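Visitor: Sequence:
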Amino acid sequence: MKVIGLTGGIGSGKTTVAGFFKEMGIPVYIADDAGKRLLATSEKIRRQVIAIFGEEAYTETGPNRTFIASKVFHDKELLEKLNAIIHPAVASDFENWLQEQESAYVLYEAAILFETGGYMKCDQSILVTAPREQRIERLLERDQTSEAAIQARMNNQWSDERKRELANFVIENTDLDETRKQVELIHTEILKAGQNS
Numbered sequence: 003m004k005v006i007g008l009t010g011g012i013g014s015g016k017t018t019v020a021g022f023f024k025e026m027g028i029p030v031y032i033a034d035d036a037g038k039r040l041l042a043t044s045e046k047i048r049r050q051v052i053a054i055f056g057e058e059a060y061t062e063t064g065p066n067r068t069f070i071a072s073k074v075f076h077d078k079e080l081l082e083k084l085n086a087i088i089h090p091a092v093a094s095d096f097e098n099w100l101q102e103q104e105s106a107y108v109l110y111e112a113a114i115l116f117e118t119g120g121y122m123k124c125d126q127s128i129l130v131t132a133p134r135e136q137r138i139e140r141l142l143e144r145d146q147t148s149e150a151a152i153q154a155r156m157n158n159q160w161s162d163e164r165k166r167e168l169a170n171f172v173i174e175n176t177d178l179d180e181t182r183k184q185v186e187l188i189h190t191e192i193l194k195a196g197q198n199s
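Each residue of the sequence shown is one higher than the last, beginning at 3 in this note's numbering.
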């Protein structure tokens with residue numbers, strides 16, 4: 003079964019695009035959601051995270067995301083340590099999920115698919131893009147955060163230009179009807195390629 007990577011910078015509309023593929027019956031695995039779920043449910047991960055960040059990393063109700071985020075936000079080394087715990091767990095979780103799917107292909111959605119080299123495990127990849135101003139506007143509305151915080155998060159991700167060089171397909175997500183058409187075209191192309199291989 004083909005694995006198609008789906009990625010894009012924050013605010014580009016990856017979730018919207020994933021939703022269009024879902025409507026066509028394509029299973030979608032969202033790596034960020036899986037990471038959050040595993041952080042909250044895996045005892046092994048809990049122990050490893052506490053070993054790095056201390057007891058404050060968890061509260062009675064689960065992971066203390068605000069605390070963890072504040073620690074890794076300005077410390078690349080700590081972020082790498084956290085990723086070294088979460089990424090292998092997500093990869094293993096994805097493999098288990100993949101075994102249960104019965105479709106021509108699946109989507110693997112990850113915010114930093116190219117940055118982590120995750121795209122190399124995919125058969126093809128789709129990049130979702132949108133103008134920076136539009137992305138900032140969407141995020142201000144969605145996350146109730148500051149423009150400075152958004153810019154900082156954007157600066158931690160690769161530029162669209164750099165990602166374009168590695169992507170097999172690019173979806174410009176500025177108009178929803180157009181985006182849906184692009185998704186349908188890519189869907190047809192992936193299915194055709196599957197029949198011819």
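Source of the hints: derived by calculation from the structure; they are not laboratory data. These numbers were taken from a predicted model, which means no experiment stands behind them. Be careful, since some hints might not be right.
[Unchecked claim] Only pairs whose alpha carbons sit at most 27 Å apart, straight line, appear in this in silico DSSO-like list of lysine-lysine: (1) 24 <-> 73; (2) 46 <-> 183; (3) 194 <-> 73; (4) 123 <-> 83; (5) 46 <-> 194; (6) 46 <-> 83; (7) 78 <-> 123; (8) 83 <-> 24; (9) 4 <-> 183; (10) 46 <-> 78; (11) 83 <-> 73; (12) 38 <-> 78; (13) 46 <-> 24; (14) 46 <-> 4; (15) 4 <-> 38; (16) 38 <-> 73; (17) 4 <-> 78; (18) 183 <-> 24; (19) 194 <-> 183; (20) 78 <-> 24; (21) 83 <-> 4; (22) 24 <-> 38.
[Stated by the list, open to error] Label pairs and their calculated CB-CB ranges: (23) 69 <-> 182: 21 to 29 Å; (24) 142 <-> 81: 32 to 40 Å; (25) 34 <-> 142: 13 to 21 Å.
Note that beta-carbon positions come from the ideal geometry of N, C-alpha and C, so glycine has one too.
Visitor: All hints are to be evaluated individually against the structure, with a verdict given for each.
Guide: Going down the list of hints, with the structure as the test:
A hinted pair counts as satisfied when its Cα atoms are at most 27 Å apart, and residue 24 with residue 73 does not qualify at roughly 35 Å. This hinted pair does not check out: residue 46 and residue 183 have alpha carbons roughly 43 Å apart, beyond 27 Å. In summary, the hint linking residue 194 to residue 73 is not supported, as the alpha carbons are separated by about 46 Å, beyond the 27 Å threshold. Note on residue 123 and residue 83: the hinted pairing holds, with a Cα-Cα distance of about 21 Å set against a maximum of 27 Å.
Taking the CA atoms of residue 46 and residue 194, the gap is about 42 Å. The hint is violated against a cut of 27 Å. A C-alpha spacing of about 15 Å is found between residue 46 and residue 83, which places the hinted pair at or below 27 Å, so the restraint holds. Pair hint residue 78 plus residue 123 holds up; C-alpha atoms about 24 Å apart against a cutoff of 27 Å. Proposed proximity of residue 83 and residue 24 is contradicted: the alpha carbons are some 33 Å apart, above 27 Å.
For a cut-off of 27 Å, the pair hint linking residue 4 to residue 183 stands: about 22 Å separates their Cα positions. With a CA separation close to 23 Å, the supplied pair residue 46 and residue 78 stays within the 27 Å bound. Of the pairs offered as hints, the one joining residue 83 and residue 73 holds, with about 11 Å between alpha carbons and a cut-off of 27 Å not exceeded. Between residue 38 and residue 78 the CA atoms are separated by roughly 19 Å; this keeps the pair inside 27 Å, and the hint holds.
Annotation: proposed proximity of residue 46 to residue 24 is violated, straight-line Cα distance about 32 Å (limit 27 Å). With a CA separation close to 30 Å, the supplied pair residue 46 and residue 4 exceeds the 27 Å bound. For the hint linking residue 4 to residue 38, the alpha-carbon distance of about 25 Å falls within 27 Å, and the restraint holds. Restraint check: the Cα-Cα separation between residue 38 and residue 73 comes to about 16 Å, which is no more than 27 Å; the hinted pair holds.
Simply put, residue 4 and residue 78 have alpha-carbon atoms about 33 Å apart, too far for the 27 Å limit, and the pair is violated. Between residue 183 and residue 24 the alpha-carbon distance is near 14 Å, which keeps this suggested pair within the 27 Å criterion. For the proposed pair residue 194 and residue 183, the alpha carbon gap of about 17 Å is at most 27 Å, so the pair holds. Of the pairs offered as hints, the one joining residue 78 and residue 24 is violated, with about 34 Å between alpha carbons and a cut-off of 27 Å exceeded.
For the hint linking residue 83 to residue 4, the alpha-carbon distance of about 30 Å lies beyond 27 Å, and the restraint is violated. Taking the CA atoms of residue 24 and residue 38, the gap is about 21 Å. The hint holds against a cut of 27 Å. Under the hint 21 to 29 Å, the C-beta atoms of residue 69 and residue 182, about 39 Å apart, miss the expected range. For residue 142 and residue 81, the Cβ-Cβ distance of about 24 Å falls outside the hinted range of 32 to 40 Å, so the restraint is violated.
The hinted range of 13 to 21 Å is satisfied by residue 34 and residue 142, whose Cβ atoms lie roughly 20 Å apart.
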